[in-house]
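Based on the sequences and whatever the hints tell you, model everything.
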Amino acid sequence: QKEVEQNSGPLSVPEGAIASLNCTYSDRGSQSFFWYRQYSGKSPELIMFIYSNGDKEDGRFTAQLNKASQYVSLLIRDSQPSDSATYLCAVHSTGSARQLTFGSGTQLTVLP
Amino acid sequence: NAGVTQTPKFRILKIGQSMTLQCAQDMNHNYMYWYRQDPGMGLKLIYYSVGAGITDKGEVPNGYNVSRSTTEDFPLRLELAAPSQTSVYFCASSYSQTPGSGNTIYFGEGSWLTVV
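If you read the protein sequences in the order shown, they are chains A and B.
Those letters in the first sequence? Residues 232 to 343, by my numbering.
Those letters in the second sequence? Residues 16 to 131, by my numbering.
One or more hints might be untrue.
Only pairs whose alpha carbons sit at most 30 angstroms apart, straight line, appear in this in silico DSS-like list of lysine-lysine [unchecked claim]: (1) A:Lys273 x B:Lys24; (2) A:Lys287 x A:Lys273; (3) A:Lys273 x B:Lys29.
Read the hints as simulated data drawn from the structure, not as lab findings.
Printed below as a string of structure tokens:
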């Protein structure tokens, strides 16, 4: 069974700090990796996706992928209270018509 | 632009009752999905469809049924509701199978279901 593991948290960081969220996955055939943000009582929204090893930056967000270690992370720079949410890691394997396998999420709280 | 619309938003069912969660998308997406999310957990795929008339099981299909008679609609049927089906249900859609590169998955706002 394909698994995606995340630390459930909660993770607390002060405003302005860097928040680091981590995710590991079991399926070595995984090709695409996604980070979703989910506010309490709301639906998930896509923040970033990454396909290739290395870093991908988008504004205050950086996704990092290491396929050899089966590890993907999300860094949030200059964290804001509005970043407080649950962050879901999701993994897609090539050829799988069943779309994404989600981790259980990491709850992030940014303290003013 | 409505996107993905789910109804109802909240529902309380008694054990053994049946109901249908409605889902419609207006983006002409081929792929549609039903996920459930239990408290503190990630999303689990119940059923998915790659186009009208074609459906397939996901990770947790037991106790559910779906149909896809049109591109727009993908209702989820709960038969003989059980307390274990208490969850939040999300319908989603995407243009193609490959997520990312603009073909992202769009989620509905969710349906909160309680079985008592």
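Legend entry - Numbered hints the structure breaks, given as an ascending list: No hint contradicted; all consistent.
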